[in-house]
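Please build the complete structure, drawing on both the sequences and the hints.
Number of protein chains: 4
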Amino acid sequence: MDRFSEIKRSAQAMLPELVTVRRDLHKYAETGWLEMRTSSLVARRLTDLGYKVLVGEDVCLKEARMGVPEETVLEANYARAQAQGGDPAFLPFTRGGMTGVIGILECGEGPTVAMRFDIDALGVFEAEEAEHRPSAEGFASVNRGFMHACGHDGHTAIGLGVAKILMDMKDRLHGTVKLIFQPAEEGVRGANSIVEKGHLDGVDYFLGNHISGRSSKTGDGLIIPGIYSSLATTKFDVVYRGKAAHAGAAPHLGKNALLAAASAVVNLYAIPRHGEGASLINVGTLHAGSGRNVVADEAKMELEIRGANTQINEYMTDYAIKILENTAQMFGCSCEIKKMGAAEALCSDKPLADRVAGICHELDLSPVELNVNGGSEDISYMMNRVTSQGGQSVFFRTLTHMAGPGHSRTYDFDEQVLSNAVQVFCAMTLELLG
Amino acid sequence: MDRFSEIKRSAQAMLPELVTVRRDLHKYAETGWLEMRTSSLVARRLTDLGYKVLVGEDVCLKEARMGVPEETVLEANYARAQAQGGDPAFLPFTRGGMTGVIGILECGEGPTVAMRFDIDALGVFEAEEAEHRPSAEGFASVNRGFMHACGHDGHTAIGLGVAKILMDMKDRLHGTVKLIFQPAEEGVRGANSIVEKGHLDGVDYFLGNHISGRSSKTGDGLIIPGIYSSLATTKFDVVYRGKAAHAGAAPHLGKNALLAAASAVVNLYAIPRHGEGASLINVGTLHAGSGRNVVADEAKMELEIRGANTQINEYMTDYAIKILENTAQMFGCSCEIKKMGAAEALCSDKPLADRVAGICHELDLSPVELNVNGGSEDISYMMNRVTSQGGQSVFFRTLTHMAGPGHSRTYDFDEQVLSNAVQVFCAMTLELLG
Amino acid sequence: MDRFSEIKRSAQAMLPELVTVRRDLHKYAETGWLEMRTSSLVARRLTDLGYKVLVGEDVCLKEARMGVPEETVLEANYARAQAQGGDPAFLPFTRGGMTGVIGILECGEGPTVAMRFDIDALGVFEAEEAEHRPSAEGFASVNRGFMHACGHDGHTAIGLGVAKILMDMKDRLHGTVKLIFQPAEEGVRGANSIVEKGHLDGVDYFLGNHISGRSSKTGDGLIIPGIYSSLATTKFDVVYRGKAAHAGAAPHLGKNALLAAASAVVNLYAIPRHGEGASLINVGTLHAGSGRNVVADEAKMELEIRGANTQINEYMTDYAIKILENTAQMFGCSCEIKKMGAAEALCSDKPLADRVAGICHELDLSPVELNVNGGSEDISYMMNRVTSQGGQSVFFRTLTHMAGPGHSRTYDFDEQVLSNAVQVFCAMTLELLG
Amino acid sequence: MDRFSEIKRSAQAMLPELVTVRRDLHKYAETGWLEMRTSSLVARRLTDLGYKVLVGEDVCLKEARMGVPEETVLEANYARAQAQGGDPAFLPFTRGGMTGVIGILECGEGPTVAMRFDIDALGVFEAEEAEHRPSAEGFASVNRGFMHACGHDGHTAIGLGVAKILMDMKDRLHGTVKLIFQPAEEGVRGANSIVEKGHLDGVDYFLGNHISGRSSKTGDGLIIPGIYSSLATTKFDVVYRGKAAHAGAAPHLGKNALLAAASAVVNLYAIPRHGEGASLINVGTLHAGSGRNVVADEAKMELEIRGANTQINEYMTDYAIKILENTAQMFGCSCEIKKMGAAEALCSDKPLADRVAGICHELDLSPVELNVNGGSEDISYMMNRVTSQGGQSVFFRTLTHMAGPGHSRTYDFDEQVLSNAVQVFCAMTLELLG
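Chains as they are written, first to last, in the working numbering: chain A, 877 to 1310; chain B, 877 to 1310; chain C, 877 to 1310; chain D, 877 to 1310.
Take these hints with a grain of salt, some might be off.
Copies of one chain are not kept apart here, so a pair can be met inside one copy or by any two copies together.
Stated by the list, open to error - Quick list of in silico lysine-lysine cross-link-like pairs, BS3-like style, CA-CA up to 30 Å:
1) Lys938 - Lys1073
2) Lys1176 - Lys1119
3) Lys1176 - Lys1198
4) Lys1214 - Lys884
5) Lys1119 - Lys1198
6) Lys1226 - Lys1040
7) Lys903 - Lys1046
8) Lys1119 - Lys1215
9) Lys1215 - Lys1176
10) Lys1214 - Lys1198
11) Lys1176 - Lys1214
12) Lys1119 - Lys1214
13) Lys884 - Lys1073
What the hints contain is simulated information worked out from the structure, not anything from laboratory work. Every value quoted in this text rests on a predicted model; they were computed, and no experiment measured them.
In structure tokens:
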């Protein structure tokens, strides 16, 4: 444990600072592509620490971003970010939703280690009750309807903590460190645009982390690097447009978008199962029609597809598109399909996972192997790009006690976990570049 | 023309007064069950004229009203009606949506003649452009989102004009006159509750009227008593309630209300046609689900059914209810079906229609026979009750030039029609009770 | 009655002959496109009478025939017709399903009167009970599964009776008589191919007849020329072809034709109603799949569409084809649609119908006006072609007492009706060409 | 290898006899519940060897049999079995479909070992080409439409071979041997009725086997005892009964069974996926309707459900029944659901599988571990009953070269495999009871 003792001490010492940063971000929560204040502050901090910093159009490939809000929303939030203390030097680069930051530390010859920290909040109204600590202690979100209810405020704070320690120990490193602060992970909208920009090319090792709740069987504050796998997914928004008509006098003159959408929904769920693994679809919302006695001229659907692997996800996606397009056509409606997000299936590389497990052991954090299913994460795009080029990837979970479930209005976590995660990232970096 | 010359002169003379009343009602438009100000003013006027007046719970059978707004809406509009000059003596009777007024004039032995004047507005935002006369001349609706876009302001003014003239000539009448100011005709929600209260029992002759647009072939200001027929109809609001679940991890734990609703919609449209006449259904709106990755736990539909006659309408209604209930059940959802409105098929009695045509001729108004289809009117409940008891009914249209189509934000009509309609109602009353 | 007395006497005198012909045809019943024996005997008789006779490819336009049986069936029935006494001179022309005969009688200058007599039987197994007169009296069908259960044996006999009388009185006629013996009326498959061959071009008057059951209100043996109207219709056979796969191991490798067909069926019934009249669809049969645990690779449907008029029928047909094609496509199946029959809407011309009514009066047959709906007849193609060129058409029913309902195995009729029908056809011809 | 050397030598020596038995059974193939000749010959042989033999109603619980053919089929096949040399002493017990045989060998104190050999053929027409060895060598099925295309002829021969060797070595055994010759495995119809009769109660070890094709990676004639798992399944026949009506005149008087079935099919495929493993459904066949212009009054479906485990299979089954019943109800049809077969999920016990693997090694047969999915086997009922009472079960595959795929008309296998399988059964018995 000698080799990591300094990392451990530093990470524990910086806990108050990690908490301060996390609470500031929590208070000014920003959702996907609106993380303008957050991005500007991260860029400022990395610059001050001495990193080479990429911002604005150098981070995400502009046209590869998915689910970007409308212009008016982007502009309103730019004004908000200015008013809430965004860094004036970096804020302009984020205008129009060009959020995200990459910090690079070059330490001579050696492999490249990249780490991903996601920075966006969720569209959730935060609890105002006194039992909710952020409310009680004054750091609840002031941006009504935006809330860090999935721990990305913590992830960002961890990333900045890691940045500090690695800079301090840069003389012991041989190679390159790349810290990626990713926007718009919620809805799996942002990661691929960073991959498409080429930032994962040439990366040898890739590390990702998510704060997660501990169960009764796992101790408080422990870290669990697991071989975590999740489903591939694609998210679509669909609009059917038909033609209104009086339902009593002339239904034959209408093009019934509601009927078309209903027929599509039933057939979407009826897509034959894939025999080789999970093949899921959900039409989560459907809104259609303007009045009881009018043939509905518009129907909107939000849907998502998931597959045990990328191939199954594509089978479902292709089938769904055929159903959506043909059903619209047979009812005389137009069909607009917009991709709102996507993630590939994800699987950590066993050798790298084993090294994380070993490190946990050395750090006195109890490692536990996990094989969790059902969720989706667009970090998968990053991991798969690295793996496809011969590198290795791992995605692990840092366990903590939680006050409410993820994505809920009462979500909160024990901040001790911040220091633990910083230790794992830094120790792994030393392991790989030391 | 001798016998009607006084009626004709009086009706023409009162045109300015009819216009004033109509414009006041237009300005303070009130939708179904919220016609509190309107009802109080009608009751005041009838009382002042010397009618026996029924208000509040004496008009509509409380529990037979359909599509009554929620309590908070009722209360807010009661306050609004107070603020907008409702008559303080009669307003309290309307609280809670007990709107509508009946004026009775008893003139000794003889038959009973009842007339229906509907008083409610539509949920339409009125045009604000200068070309729209109500806006230009200052009587556009001040109640945003409520608009008299179907002429019921005119119908009410006509009813009060008729009340004045009949009272003036009461010595020439032998029998009873019943003037029914009906709430909530839009959505066919009100008429049946008046019928259920018994007000049509014992009526020998029943007259109804609707202001309608003239076509190029029919002159301005003419009256057309036609044998008008319309479809029977039933309106339902349906709520499916299921159970939310994570669409990726545990779709089997959900009860998918959106899928159930979609399946129901397709099957509703697939109800086998009736071989004996029009059998229509329309699901006008469908709103379901809360988020893309959540199994939808609620779906709401607004739908309507129509049939060429009451029997066909019942065939469709029974089938639809079976589909709605069984589909909910098979997807594990609950099903709440609420009747929001209903009308029977409607057909004027030929002998009475012929008498109206004769009267028009005497009044120098060009009568035209009509056979119009496709719409629905809950005056049908009143007509059918009268007919089923051996009486006669007629529903006619008073033609006028229109500025915009019915139910549109630019609707307006040539107010000359008001005087014409008053003449027909009064002359027919004299014909029947003279 | 002077002018028709000879016709009346002749028709009554030939009743035994009409009965003999009818019973011979009944015994050797032949279904659509297989009326080879029948056609050859009709051609022989018309030739012997002195008519100019068209047979084989001169009657129906070969490629416009619908629903023609397969080659092997045609050949087998050709052999059967030979064995059952088909006329050797004319039989060869019918080979391959080129059935139908036209007899022409030219009587100098004057208009052209065409008459249609349909000659085919149904695919019904005739009753063998003693109460069934054809069985009791030895003229039940010897062709098992083929039966004249709709009176076309009678129609053919009537046509030959008419041919005899008209030839006898040809000196009193001025113009042209065209007797059309139409194949394949059942399934509405034959008439249009005669129209397409041009035989209705230049026809001034067109007469058609169907033997029908009398009700209690109409006397036995009477003739009812009515303004009969029926629905337009189109008949399709549809085959979906997909791909089989093991339902447990690899459902995703299949293309499920059964699922596609089921989805199409539901959507076909859900085609929005036409607001202007009856719009019907029926998928009468559906056969799909080869085994429980195999993804079905084929589905076959027999369906029909009907509309109150040709335009509505087209609305339904276009919609149905879109649904059938798009649904197949979205499930990865091919779609073959074959038109098996069609008829247009049909309506007699009032002036000609009135003349038929007058004639009935003169003949002491009680005429009754009828307006019957729901069925379909491909004589409509002939009538509409004549009308569209300025001619007049009428379709009437000759009433009789019936032993069983049409299309049933116990169908039979009172043969007195044969003579009555002959009278009407001949008297009308004299009326028009006399 | 000392302890098994006698078994190995005997099994190899009896290969010609095994081949003879297999070919005789192949030639007189009998499908489920019709294995009357087969059962009588097995019972004769076991009796002659000295086993205690159970037949007729002592084998399967009569009312627990699924998918039993109709009485006329049973009788016809009883006559056939008599004509084809069924043993006259035992044949009467099989009448009415009471097939199946159990042979018991009691060797004093000790555990009970049960083995399952399934005996039924498939409804397949056997290939007649010369390349098909059974045809070339004269043992192709003489029962047209019945064929041993899944190796059960081999299984039966193996069972009789095992019976012979175990009887020869009974002095070395301590405990009880139970040889179960199961009828109606195809369609998973027979096993449960044996379990319900109680024959698996008190069994300590249970062995089952299936002949399977070797791949290029596994040598010819080898035996692979694997931990084989398969899906739980339920098979249903469903009949919807509605009411016929004329599709043009009175569709509203019909109860459309075809439409109801189509709607059910789409909804069955749309049953929400289970999040915890495979959840499959297949409607393999659908036959509905009698004619194009008649509302279909009957629809028949054959369907099957599968689940990764019994719980998921039940989730699907419960859902399917709700859909089937409610859909029938909403279209006014009756619904008859008949269970035609069922199997539970199946998994070998690791300790017993390891012992089989060890035995293979000793026998010089190369063992390979397998984890195959997708099929279903009703041996699962037997295995699960044994396991649930504290016993152990294993199901293994004996590999061989195959001429055509399972269930195909060209199926055949290298008969060397028969001897190999006999060795494994006998060696395992000695291992367990020695």
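We went through each hint and held it up to the structure:
Taking identical chains as interchangeable, the C-alpha atoms of Lys938 and Lys1073 lie at most 30 Å apart only when both belong to the same chain, with a minimum of 9 Å there against 66 Å between chains. Taking identical chains as interchangeable, the C-alpha atoms of Lys1176 and Lys1119 lie at most 30 Å apart whether they share a chain (14 Å) or sit on different chains (21 Å). Taking CA atoms no more than 30 Å apart as the test, Lys1176 paired with Lys1198 passes in both settings, with 17 Å inside one copy and 22 Å between copies. For a Cα distance limit of 30 Å, the shortest separation of Lys1214 from Lys884 qualifies neither inside one copy, at 46 Å, nor across copies, at 65 Å.
For the homomeric pair Lys1119 and Lys1198, the shortest alpha-carbon distances inside one copy (22 Å) and between copies (17 Å) are both at most 30 Å. With identical chains, the CA atoms of Lys1226 and Lys1040 are at most 30 Å apart within one copy only, with a shortest distance of 29 Å there and 52 Å across copies. In this assembly of identical chains, Lys903 and Lys1046 lie within 30 Å of each other by CA distance neither inside one copy nor across copies; the values are 32 Å within and 77 Å between. In this assembly of identical chains, Lys1119 and Lys1215 lie within 30 Å of each other by CA distance both inside one copy and across copies; the values are 25 Å within and 27 Å between.
For a Cα distance limit of 30 Å, the shortest separation of Lys1215 from Lys1176 qualifies both inside one copy, at 14 Å, and across copies, at 26 Å. With identical chains, the CA atoms of Lys1214 and Lys1198 are at most 30 Å apart both within one copy (14 Å) and between copies (25 Å). Taking identical chains as interchangeable, the C-alpha atoms of Lys1176 and Lys1214 lie at most 30 Å apart whether they share a chain (11 Å) or sit on different chains (25 Å). In this homomeric assembly, Lys1119 and Lys1214 come within 30 Å of each other (Cα to Cα) both inside a single copy, at 21 Å, and across copies, at 28 Å.
For a Cα distance limit of 30 Å, the shortest separation of Lys884 from Lys1073 qualifies neither inside one copy, at 34 Å, nor across copies, at 67 Å.
Of the hints listed earlier, those the structure fails to meet are numbers 4, 7, 13, in rising order.
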